[in-house]
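Chemist: The residues making up each chain are set out below.
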Amino acid sequence: MTQEELLTLKADKTVDARGTSCPGPLLAAKKAIGEIEKGQILEVLSADEGTRRDIPKWCNKKGFEYLGTLEESGYYRIFLKK
Amino acid sequence: MANKKLTLALFSGSVDKLTAAGVILGGAAAEDMDVEIFVLLQAAFAFKKENALTNNRVAEITDKQDEFLASLKRLNAPHWTEAFRNAKEMTNVKIHICGFAGKVWNGEKLDDFIDLADDICGIGEYMTSAEQADINLFI
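Here the protein sequences line up with chains Y and S, keeping their order.
Under our numbering, the residues of the first sequence are numbered 1 to 82, in order.
Under our numbering, the residues of the second sequence are numbered 1 to 139, in order.
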């Protein structure tokens, strides 16, 4: 998705993992994905640089759709679809 | 499709290496891997009930131990026992204490170790398990 599309995207669930270091945000994403339905969108907030690369790879392995990342001041908003 | 399998021969009883092991376990848990950990020699010391939370030894860059431990706190990194416990809650992790290692540290019974440990076993168990693993690590 484009950055503009991501800006207007409404997540079904948002998990704030900004207080954790690797692998905290990835584990937060794994927990949260179990709490949404197929087709729904999860947003992960992470201040960890590695997570923005980990989550797309994780999505690819687990069969989820990585939608994109928005860079905010000091953290990332990472979107994926179950 | 069957889960991929990680075996870990965990020799180190130092918090730096145990913390690294906890990070890797987190990655394995995220991917739903089956994990078998074999707690060898010095790691058995760290798994003893009386040592798990008080042992602050580091194996590397020992002159920076205080800085390392302070950084873990600053970064809100979970203690290695918590990282291991999180992984156990999220995926299939079995932790085996090597019987010989247990005896080295006067741990004869499973109850001598923290409750993360599942059983006490011999090295044959590790060999069999490692043969079937997709990833095998020694830390």
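Keep in mind the hints are simulated off the structure, nothing from the lab.
Incorrect hints may appear among the rest.
Unchecked claim - No farther apart than 30 Å at their CA atoms in a straight line, the calculated lysine-lysine pairs in the DSBU-like style are these:
(1) Y:K30 with S:K103
(2) Y:K62 with S:K88
(3) Y:K57 with S:K4
(4) S:K88 with Y:K61
(5) S:K94 with Y:K62
(6) Y:K81 with S:K73
(7) Y:K61 with S:K103
(8) Y:K30 with S:K5
(9) S:K73 with Y:K30
Chemist: Decide, hint by hint, whether the structure agrees.
Modeler: Hint check results:
| no. | hint | in the structure |
| --- | --- | --- |
| 1 | Y:K30 with S:K103 | violated (38 Å) |
| 2 | Y:K62 with S:K88 | holds (19 Å) |
| 3 | Y:K57 with S:K4 | holds (16 Å) |
| 4 | S:K88 with Y:K61 | holds (21 Å) |
| 5 | S:K94 with Y:K62 | holds (23 Å) |
| 6 | Y:K81 with S:K73 | violated (33 Å) |
| 7 | Y:K61 with S:K103 | violated (41 Å) |
| 8 | Y:K30 with S:K5 | holds (18 Å) |
| 9 | S:K73 with Y:K30 | holds (24 Å) |
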